[in-house]
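Novice: Protein chains in written order, with the numbering used here: chain Z, 1 to 349; chain P, 1 to 238; chain E, 1 to 288.
Note that these hints are calculated values from the structure, not bench results. It is possible that part of the hints are untrue.
Residues from chain Z that keep clear of chain P, each with C-beta distances beyond 12 Å, as calculated [as the list claims (entries may be wrong)]: (1) Met5; (2) Tyr29; (3) Ile74; (4) Ala167; (5) Gly209; (6) Glu239.
If you anchor each label on the Cβ, the simulated ranges turn out as follows [to be verified]: (7) Z:Ser189 x P:Arg213: 46 to 52 Å; (8) E:Ile250 x P:Asn40: 52 to 58 Å; (9) P:Thr181 x E:Tyr88: 45 to 51 Å; (10) Z:Leu10 x P:Asp112: 25 to 31 Å; (11) Z:Ile136 x E:Phe139: 40 to 46 Å; (12) Z:Thr158 x E:Gly89: 55 to 61 Å; (13) P:Gln197 x Z:Ala2: 47 to 53 Å; (14) E:Thr255 x Z:Asp166: 45 to 51 Å; (15) P:Glu68 x Z:Pro156: 49 to 55 Å; (16) Z:Leu275 x P:Asp112: 43 to 49 Å; (17) P:Glu68 x E:Leu274: 25 to 31 Å; (18) E:Leu274 x Z:Pro190: 32 to 38 Å; (19) P:Gly113 x Z:Leu10: 30 to 36 Å.
Note that beta-carbon positions come from the ideal geometry of N, C-alpha and C, so glycine has one too.
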Amino acid sequence: MAKEMKHAFLVALVAAILLAIAPALIGTYTLTLLVIYGILALSLGLIWGFGGVLCFGQAAFFGLGAYAYAIAAINIGESTVPLVLGIATPFLFAAALGAMMFYGRLSDVYLGVITLVVTLLFFRFMNSSAGPQYVIGTARLGGFNGIPGFQTLNVPGTPSAYIIGDAYYYLTASALLIVYLLVRWLLASPFGRIAVAIRENELRVELLGYDARARKTLLFAVGGAIAGLAGTLYASWAEIVTPGLFSLGQSAEIIIWCIVGGLGTLVGPVIGAMLLAYLKFALGQQSVIDNTLVLGAILVLCVLLMPRGVVPTLGTVLNRIYRRPPARRDRPRPAGSQTAATPPERAHV
Amino acid sequence: MSESVVQTRGLTMRFGGVTAVDAVDFSLRRNELRCLIGPNGAGKSTFFKCITGMLKCTSGEVWINGHETTNWDPHQVARLGVGIKTQVPSVLDGFTVRENVWLAAHRVTAADGVASRVAEAMERLAVSSLADSMVGSLSHGERQRVELSMILASRPWLILLDEPAAGLTAAEIATLGHIVTDLSRDAAIVIVEHDMQFIRSIAGLVTVFAQGRILMEDQVDKVMADARVREVYLGRKN
Amino acid sequence: MDLAAIFAVEILYAIASLVVISSGLAVVFGMMRVINLAHGEFMMVGGYVTIVAVRSGINIYIAMLVVAPLVVGVLGVIVERLIIRRLYGRLVDTMLASWGLSLLLIGLASMIFGNTTTGISPPIPGFAIGRYQVNGYSFFIILAAIAILVAMFAVLAGTRAGLVARGAMQDAAMASALGYNPERVYMLTFFAGSALAGLAGGLFAPLLGLVPTIGGAYIAKAFITVISGGASVIAGLVSSAVLFGSTSQIFTLATTPMVGEIALLLIAVVLLRLMPQGITSRFFRGKM
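Construct the complete structure from the given sequences, taking the supplied hints into account.
Specialist: Now the structure itself:
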């Protein structure tokens with residue numbers, strides 16, 4: 001366990017250096033968004049790559065965090081409590097949703113349907129909340145136009161000391177590093193090992209006396225909380241929250257980041273998110289090729305050619321070139337399995 | 001609950017119109033070694049799964065060590081101190097042998113004792129030399145031993161084994177016989193098995209299932225000599 | 001009395017639309033255990049094909065009943081050969097790849113047609129029941145839904161091809177041992193499912209303004225209807241369409257369309273939670 005954490009600190013150190021020199025290349029405003037997406041990708045990377053739970057509605061927790069923050073910030077003013085609510089609300093919601101699904105023993109397809117439907121429910125509801133009757137405290141939900149004009153993050157205790165610009169970038173970058181280290185620590189702990197074991201063979205773990213349902217629910221909730229943190233940071237960055245946060249397109253993008261980055265790693269999804277989000281940003285600057293088309297093509301090609309993700313595939317290639325071949329490559333897949341949902345190897349990245 | 005550690009009363013399991021287990025009354029004493037045999041489709045594996053919680057029975061009761069465990073979940077049954085081995089080796093292919101055994105020991109052992117418990121369990125099942133190999137890369141027989149080692153590490157007082165000899169070589173079956181005898185010193189064991197050679201080697205009391213019911217219960221040799229048992233086996237197989 | 005008639009028509013129409021929207025997905029999922037998340041975009045393509053055909057002078061009925069299904073059916077075969085075929089038996093991967101395909105098609109459509117709304121007018125005028133105005137085209141959709149169900153039943157139950165298809169879905173090895181090529185059966189099934197999606201797209205083209213992203217409005221409903229259906233393609237489709245169509249329409253009439261839609265989604269969640277067994281049984285049966 002100590003070895004894994006040493007490795008994690010090393011990764012975090014390299015990442016910190018990269019994040020510190022990145023503003024020399026890309027503006028901090030754009031970078032902040034990339035980092036926020038990195039945190040969001042990490043949340044799905046955790047529950048899908050390590051927990052084996054494919055959630056089609058990670059955007060629901062992202063949007064819920066953003067809305068919870070915005071609504072609380074309008075009502076309260078100072079940003080500390082809203083920040084906590086922006087994390088706690090999706091955590092509790094994910095716990096309730098997860099308990100419903102896992103205690104119902106739903107299989108992956110139905111898990112996909114339910115999470116997708118729940119995301120759509122939020123999307124539809126928020127879109128239809130334009131009327132004056134949709135008010136929480138003093139915050140109007142605003143329907144299609146969303147909620148603008150709330151207090152953005154401030155130095156705790158001093159509402160007038162906004163954290164913006166470069167400072168906000170360094171705040172989100174630190175948040176990413178801290179979340180990464182916490183998740184690594186969680187995975188190295190007995191809870192994390194058992195969570196991965198449940199992904200590998202749920203029945204065996206149950207037969208050893210562990211309650212897989214409760215553990216999956218908790219892991220799912222932690223994923224929801226991290227997505228909520230990303231949503232909170234996003235709200236404060238964009239200074240507006242809209243129903244688009246709950247869109248299916250948003251959910252699809254998170255899944256694409258993880259697939260491209262590679263499942264069963266944490267760094268992979270983060271890199272995938274930052275690269276693809278930057279690509280989308282760059283494509284948005286031109287009008288020759290539609291960026292939805294590019295994202296779609298990337299997803300199709302990745303599923304067909306590199307079901308384990310780009311980062312692990314590159315890692316394998318590098319391993320073959322520079323080192324002895326990895327111990328085992330072709331573990332037989334369980335019948336009717338989902339290759340992408342159960343990555344064959346664990347990597348301590 | 002007197003001295004029975006496992007008891008079923010009228011245990012019945014129906015799948016659609018088929019009654020796989022038909023009102024079975026079964027009882028096992030502390031530290032007893034018992035084999036369940038019977039031709040294919042006799043209901044012994046279904047009976048086993050009803051006891052372990054992997055199937056929810058249609059009616060009847062299951063009692064384990066004074067607790068009514070009817071329709072409990074497998075993890076609840078396991079928490080009573082019951083070690084369960086499924087028909088197909090159920091191990092974690094993407095983990096090393098040590099990690100597999102650790103998983104079993106972790107739940108029942110204080111943090112400082114886990115390592116030695118794991119080492120001891122691997123030693124007794126002769127898988128110590130494989131400690132850092134991925135379980136997915138091992139042979140079928142080795143995987144069976146890893147699974148038994150996990151069961152041992154979880155310190156059960158009751159062990160339920162579903163066809164442990166299936167797919168093993170003759171030499172491996174002989175070793176398994178020793179392992180089972182060794183395990184039975186500190187635990188009651190129920191074994192569902194096809195292999196008569198193996199059952200002879202471990203002796204003990206035998207319960208014969210036929211058509212969802214218990215046909216007879218006796219010592220291995222008497223069972224083998226019984227006309228009814230021969231009829232069930234031969235009548236079905238040929 | 002008039003109001004009751006209107007309500008009845010509206011509810012029937014809601015059920016019929018769900019049948020039309022979901023039939024293609026139901027065929028592909030029920031027979032091949034493949035969930036095509038690009039189904040909504042196949043409908044979108046069907047809609048654009050219809051509009052382009054009508055504008056180039058083709059009769060509107062031929063455009064939506066013949067041209068759109070054929071074009072989308074061929075598109076489906078291409079997709080099956082290039083993508084789906086490589087992923088059989090990997091349900092989640094197929095979902096992900098077809099999700100990518102759906103994004104790809106949206107992007108393609110926005111590049112070709114732009115992000116503006118286009119449309120054509122319904123070929124059937126409205127008429128009055130008492131004091132109320134009824135959309136005449138609603139009856140056409142209801143008739144189309146009935147025709148689709150009858151055709152599906154006839155093909156599956158009454159023809160050799162349907163029998164072979166059902167056989168291949170239940171046991172591919174058995175079917176190929178009998179001399180049928182399961183690859184071809186899959187390809188034809190996917191063609192049929194895609195053609196139904198094209199037909200649905202054509203049928204709805206005159207009703208809604210068409211934008212490249214319209215597929216998203218269809219896929220969720222189709223997905224839910226199909227997954228929640230019973231253990232069989234046709235009976236499952238009809239039963240869940242009736243349940244979802246009538247409840248959402250009743251809520252819509254009582255309140256707003258938005259509430260109707262939210263009601264549909266909530267019922268789906270509850271249904272899946274209560275009856276995961278009844279629904280999963282679909283995986284093990286190849287009935288109609």
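Novice: Among the hints numbered above, which are violated by the structure, and what are their numbers in rising order?
Specialist: Number 5 - this is the single hint that the structure violates.
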